[in-house]
Every structure is written in structure tokens, then in C-alpha cells.
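K.L.:
As they're listed, the protein sequences go chains Z and D. Residues in the first sequence are numbered consecutively from 1, following the numbering used here. Residues in the second sequence are numbered consecutively from 1, following the numbering used here.
Derived by calculation from the structure, the hints in this document are not laboratory data. There may be inaccurate statements among the hints.
Said to hold, decoys possible - Residues on chain D that point at chain Z, a partial pick, calculated with CB under 8 angstroms:
id, residue
1, LEU46
2, TYR118
3, GLY121
4, ASN161
5, LEU167
6, PRO168
7, LYS169
8, ASP173
9, LEU174
10, PHE192
11, TYR196
12, SER201
As the list claims (entries may be wrong) - Lysine-lysine pairs mimicking DSSO-like chemistry, simulated, CA-CA at most 27 angstroms apart:
id, chain 1, residue 1, chain 2, residue 2
13, D, LYS122, Z, LYS293
14, Z, LYS77, Z, LYS103
15, Z, LYS342, D, LYS122
16, D, LYS122, Z, LYS291
17, Z, LYS172, Z, LYS138
18, Z, LYS210, Z, LYS100
19, D, LYS125, Z, LYS276
20, Z, LYS232, D, LYS122
21, Z, LYS341, D, LYS125
22, D, LYS169, Z, LYS226
23, Z, LYS232, Z, LYS293
All C-beta atoms, glycine included, are put in the ideal place defined by N, C-alpha and C.
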Amino acid sequence: MRLLHLTLIFLLIEIANAQLKNERCFICHGVKNFGIVEQGKFKSLYVSREDFESSVHSKFACVSCHVDVRVIPHLAKPQKIHCLQCHFEGNVVGAPVTAKPEKYKESVHARAIAKGKNAPDCKDCHTVHYVRRPNDPKSTVFKANVPELCGRCHTSIKEEYYNSIHWAGIQKGELSSAVCTDCHQEHDILPPEDPRSSLNPKNVVGTCEKCHSDVKLMKRVGVPVKNPEAYKESFHGIALKFGVVRAANCASCHEYHNVLPSRDPRSPIHPANLAKTCGKCHPRANENVAKGKFHVLPGEKESGIVYYVYTFFKWFTLIVLVGLFTHIALDLIGHLRRKRKKSEK
Amino acid sequence: MNTLNKKFGGKMAKEKMFLRFSLSWRIQHFLLMLSVTLLIITGFALRYHDTWFGRFLIFIEGGFEARGTLHRISAILLFITAVYHLIYILFTKEGRREFKELLFRKKDFSDLIASVKYDVGKDEKPPVYGRYSYKEKIQYWAFFIFVVLMILSGIVLWFHNYFFGILPKWFFDLSQALHSSTATLVLTFLVFWHLYLVHLSPGNFPINASFWHGYVSEEWLRENHYLEYLEVKNREEEK
Numbered sequence: 001m002r003l004l005h006l007t008l009i010f011l012l013i014e015i016a017n018a019q020l021k022n023e024r025c026f027i028c029h030g031v032k033n034f035g036i037v038e039q040g041k042f043k044s045l046y047v048s049r050e051d052f053e054s055s056v057h058s059k060f061a062c063v064s065c066h067v068d069v070r071v072i073p074h075l076a077k078p079q080k081i082h083c084l085q086c087h088f089e090g091n092v093v094g095a096p097v098t099a100k101p102e103k104y105k106e107s108v109h110a111r112a113i114a115k116g117k118n119a120p121d122c123k124d125c126h127t128v129h130y131v132r133r134p135n136d137p138k139s140t141v142f143k144a145n146v147p148e149l150c151g152r153c154h155t156s157i158k159e160e161y162y163n164s165i166h167w168a169g170i171q172k173g174e175l176s177s178a179v180c181t182d183c184h185q186e187h188d189i190l191p192p193e194d195p196r197s198s199l200n201p202k203n204v205v206g207t208c209e210k211c212h213s214d215v216k217l218m219k220r221v222g223v224p225v226k227n228p229e230a231y232k233e234s235f236h237g238i239a240l241k242f243g244v245v246r247a248a249n250c251a252s253c254h255e256y257h258n259v260l261p262s263r264d265p266r267s268p269i270h271p272a273n274l275a276k277t278c279g280k281c282h283p284r285a286n287e288n289v290a291k292g293k294f295h296v297l298p299g300e301k302e303s304g305i306v307y308y309v310y311t312f313f314k315w316f317t318l319i320v321l322v323g324l325f326t327h328i329a330l331d332l333i334g335h336l337r338r339k340r341k342k343s344e345k
Numbered sequence: 001m002n003t004l005n006k007k008f009g010g011k012m013a014k015e016k017m018f019l020r021f022s023l024s025w026r027i028q029h030f031l032l033m034l035s036v037t038l039l040i041i042t043g044f045a046l047r048y049h050d051t052w053f054g055r056f057l058i059f060i061e062g063g064f065e066a067r068g069t070l071h072r073i074s075a076i077l078l079f080i081t082a083v084y085h086l087i088y089i090l091f092t093k094e095g096r097r098e099f100k101e102l103l104f105r106k107k108d109f110s111d112l113i114a115s116v117k118y119d120v121g122k123d124e125k126p127p128v129y130g131r132y133s134y135k136e137k138i139q140y141w142a143f144f145i146f147v148v149l150m151i152l153s154g155i156v157l158w159f160h161n162y163f164f165g166i167l168p169k170w171f172f173d174l175s176q177a178l179h180s181s182t183a184t185l186v187l188t189f190l191v192f193w194h195l196y197l198v199h200l201s202p203g204n205f206p207i208n209a210s211f212w213h214g215y216v217s218e219e220w221l222r223e224n225h226y227l228e229y230l231e232v233k234n235r236e237e238e239k
């Protein structure tokens, strides 16, 4: 009798587990050198069980995505799967849906793929089996890992970036420092020629300003926070605002990937390099351009002589205004009094 | 006098008119008025670029780059006016005489005090002025200094590409601060001193057109520049 009961329970469990268990997949796919030879090349079909089980999809069965695998061992090659199989509006499994896939479709990468070129889609950045949350330090898309990720294809840019102060900040643990995605966007990476691009000359200032006008952040990292404001009040800034894109924007002087502070001799804004940097647009520029401050706001004491002249004129204008008003008032009062006297007579 | 009577119609026809401003004087004033007005409109458009007013001005000036061109054309006009004026006060008899009249004297300070006293009712009689009162002298010298400052700083800003090889970076920042600060002062003096004194004040309101035709009435001259009036009368009698 007891034996019968046990058999029944066992059977019930078997029915409940009708779906193929991941364990059974890992019998083959969990072996490190498991793979096939395809077009004369060895292709690994290994999936690290440990990594998969710490991914966001750990609770899912392999066959939830690989829906065409019904019998194990499967003889046919399973069809390619796509993230949008689950991550679509109105899905029943509760997969998070964001605007990101839609944004991605506009990007240079998606357009390159559409033209048949080799470019990354979801899996190239987020991995196939080991997708982790972006705030997980082990994730490929974790902020500090982004340069390495993009650098897998953009190798020379990666080297440039690794020289920059932004990367130095990340290495020091200042995760607010900029990586690729902070300037280029994450999913809607557009070419700079596109007016919507964060790197279109008209939008560069706004892109840098996201961080460089943040008072708390700039104080923490010791960078002057008023530079974007001063730039916007400068001839360059005003001209750019009114569509004169040949006017210098942030990147014209600070470079793009290898941004460095002025104290670094490699920096284009190091005093010794300023003549060359300004000379890109102003051909007669020489060492004189290093004599003085940049991003000058006349109302700030740090501006030196400019501040004193500005302040003098501010007060002088005010005094003049008061003096002139007094004179006008006296003149009018005098006129009124004399008029009244005349009419009294 | 007959043609003048026609010019001013029946109302003023009875009154005797005096030519106060020569043609050369009026041309200089007209050029200054035109160039400064244009410079102010195009300059303040840039200064207040981030307000609706600035954007409106830039719009009516034909866009951002056209605004700059217009400002520079007006600057050339102002420069020509300044050179014309320098030649006038240095090399013409009339100009030298006018310039001497515009120099400050001790009397101007006592006139200022007397004028305040008269306005507050301490004195019964107003101070009497020569050809130019202290008010007009302040106007002249204020604008003289402003024009010099504006032309110098303006040249540095306009030809920055040339001066980049000669002047330090801070000099450009200084010129920019000076150019915009002085512009505010110019506007202040223009509206609250010059326009008030010559057009808006009682006795001149709404407009004193002598800047255009050069003539003032006998009564106006007697009231506002009594000493000049006496001089003109003396000269007439000598003839």
C-alpha cells in the first residue's frame, strides 16, 4: 500500500515537471568543451550553469526561450531566438517592457544591421545567457564595464578614452564620471549629424552640462561648476545657440574621448597647448592666449581685472542713474512750483 | 526770414528765429544719432539674447549673423562721425569755437548749485547760461568718453583674430566687459539725460526740432541760454 502511494506521488511530480528541466540541458551544455564544428570552425555550445543561475533569467527554463526544443537530445539546431519574444508590450510572462528596443531601432547599430553590416544588437551587449541588471557590478553593461564592452569593437577609441580624466574618475570609484553611454546614449545612439543626437554640435553643451552643471557632483570632483554657464554667455556660446555651428563648442577645445584637465601636459587646454588649440580656428593665436582665464564670468571675483572693471561700472551706472533721476525730479518739481505760483498770481 | 516763416507756419511766424546749429553741426549730430541708435538696437539684441526682447530684436535684424554685420556697419558710421568731429574741432574755426564753449569752467559748478537752489525754491532767479550749460557739457563729455571707449574696445573685439597675436587673452575679456558696461551707461545717459533735457522736459516737450533745422525761437533762447542770447543781440546791433 505504502509503495503504491509513493509511486503515485512520484508520478504526480513527474507530470508537474512535464516541461524539460534545465538540469537535463546542462548534461551536455554544461560541459566546458561541448560544441560542434560548423563550417570548419569549432563553435562552443557551452553555457556556464553558475553564471546562468545568477542571471536575471535564472528562474526560467531553457525551453521557455528555446521553445522549439521538445525532446532531449534535440537533433535539429534550435531556431534563433530574440529578446522581443518575451519583452513585448502585453506579454503574459511579465517580462519588463521598456522603450529601449524601440530606441535601439533608431540607432546607428540597428541601421547598420538593416544594411547587412556587422553591428551589435541586444545580445552583443547584454550577453545571451548571463543577462544581469545594469547595477550589478558583474554585468557587462555595468557602468564601469561599459568602455570595455564598447571597446570590443571600438578599439582605438577605447585606448583614447582610457587616457581621459573621465576613466580616471571611474577607476577611483567615482561612478558619476562619464563612460561611453553618458555622452552617446545607451540605446538610441545616433550619428552626430542627426539633429537629435546628443553629440550634434548644437547639443554637445547640453550633454556635457548634464554633469558639469551639477553643483554637488562638481564640488565632489573638484571641477568648476560655472564653466557651462560662462560658456553660454560667451561669444562662442551665443553664436552656437543661434545656429552658428562653426563656433566652438565644448569638444572643440576639450576633445571628445581623451578629455583631460588643463594641468595635464597632454591636454589640449594645457597652457602650452592653447596656442595650437585656439589656432584651429584663430590662425594668429600664439602664447598670448594662455595669458588670462577661460570661462570668464565678469561678476565672479576669480575673473580678476575683468571683475573689478565690471563691478566699477555696475556701481558707477547705479550712481549715475540715481544722480540723473534726482536731477530730473528736481527739475520737474521746480517747474511745477513755478507754474503754481504763476497761476496764483 | 520769410522762408522761415513759411517753414514754421502761422503760429510761429510772429516770432523771430535764430540759427543756433550750423549745417555741419547738424550733420554730425544726425550721423551720431543714426549710428548710436543702430548700435544700441543691434548691441542690446546680443546682450539680451536669452530674453524674448533680445530674440525679437535679433529676428527683426535678420538673424544672428545679419545682426553682427549691421552692428559693424553702424560701427563704421560711428567711426566716420568721430573722425569728422575731430577734424571739425581741430581744423575749422567754427569747430574750435564750439569746442572751447564746451570746456568746463568754474561757472558750471556754481551754475549746478544755483540750478538746484532755484528748483527747490531757495533762489527766485534761475542761473543764466552761455551757449552751453553744464547740462549740455555733461552730455557732450560723457558721450565723448563713451565713444572713445566703445570704439577702442569694439576694434579689439571686431579684429580679435588680428589682435590674438598681440594682446593677452584677458584683454579680450576686459574689452567685452567694458563694451557692454559702457553700452549700458550710454543708454542711461541717452534716455535719462539727453532725451529728457532736449525733448521730454517741460518747455521742450514733445520735441525740440532744432537738431534738425537748427533754429530756435527768441523766447526759447532768452529763457534757456540768456548769455548766448545777449551775445547774439550784441552782434546783431554791431551789424
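K.L.:
Take the hints in turn and mark each one as holding or not.
P.N.:
Verification of the hints:
1. LEU46: holds, 7 angstroms
2. TYR118: holds, 6 angstroms
3. GLY121: With a closest approach of 6 angstroms, the D:GLY121 hint holds.
4. ASN161: Holds - the Cβ of D:ASN161 comes within 8 angstroms of chain Z, reaching about 5 angstroms at its closest.
5. LEU167: The hint holds - D:LEU167 has a Cβ within 8 angstroms of chain Z, the shortest such distance being about 6 angstroms.
6. PRO168: holds, 3 angstroms
7. LYS169: Check passed: Cβ of D:LYS169 comes within 3 angstroms of chain Z, closer than 8 angstroms.
8. ASP173: holds, 5 angstroms
9. LEU174: For D:LEU174, the interface hint holds, since the closest Cβ of chain Z sits about 5 angstroms away, which is under 8 angstroms.
10. PHE192: Check passed: Cβ of D:PHE192 comes within 4 angstroms of chain Z, closer than 8 angstroms.
11. TYR196: Holds, about 6 angstroms.
12. SER201: The hint holds - D:SER201 has a Cβ within 8 angstroms of chain Z, the shortest such distance being about 6 angstroms.
13. D:LYS122 / Z:LYS293: violated, 55 angstroms
14. Z:LYS77 / Z:LYS103: It is violated: about 31 angstroms lies between the C-alpha atoms, which goes past 27 angstroms.
15. Z:LYS342 / D:LYS122: It holds: about 17 angstroms lies between the C-alpha atoms, which stays within 27 angstroms.
16. D:LYS122 / Z:LYS291: Given pair D:LYS122, Z:LYS291 is violated - Cα atoms ~57 angstroms apart, limit 27 angstroms.
17. Z:LYS172 / Z:LYS138: Distance of about 18 angstroms is within 27 angstroms: holds.
18. Z:LYS210 / Z:LYS100: holds, 20 angstroms
19. D:LYS125 / Z:LYS276: violated, 70 angstroms
20. Z:LYS232 / D:LYS122: violated, 54 angstroms
21. Z:LYS341 / D:LYS125: holds, 14 angstroms
22. D:LYS169 / Z:LYS226: holds, 19 angstroms
23. Z:LYS232 / Z:LYS293: holds, 16 angstroms
The structure fails to meet hints 13, 14, 16, 19, 20 from the earlier list, while all remaining hints are met.
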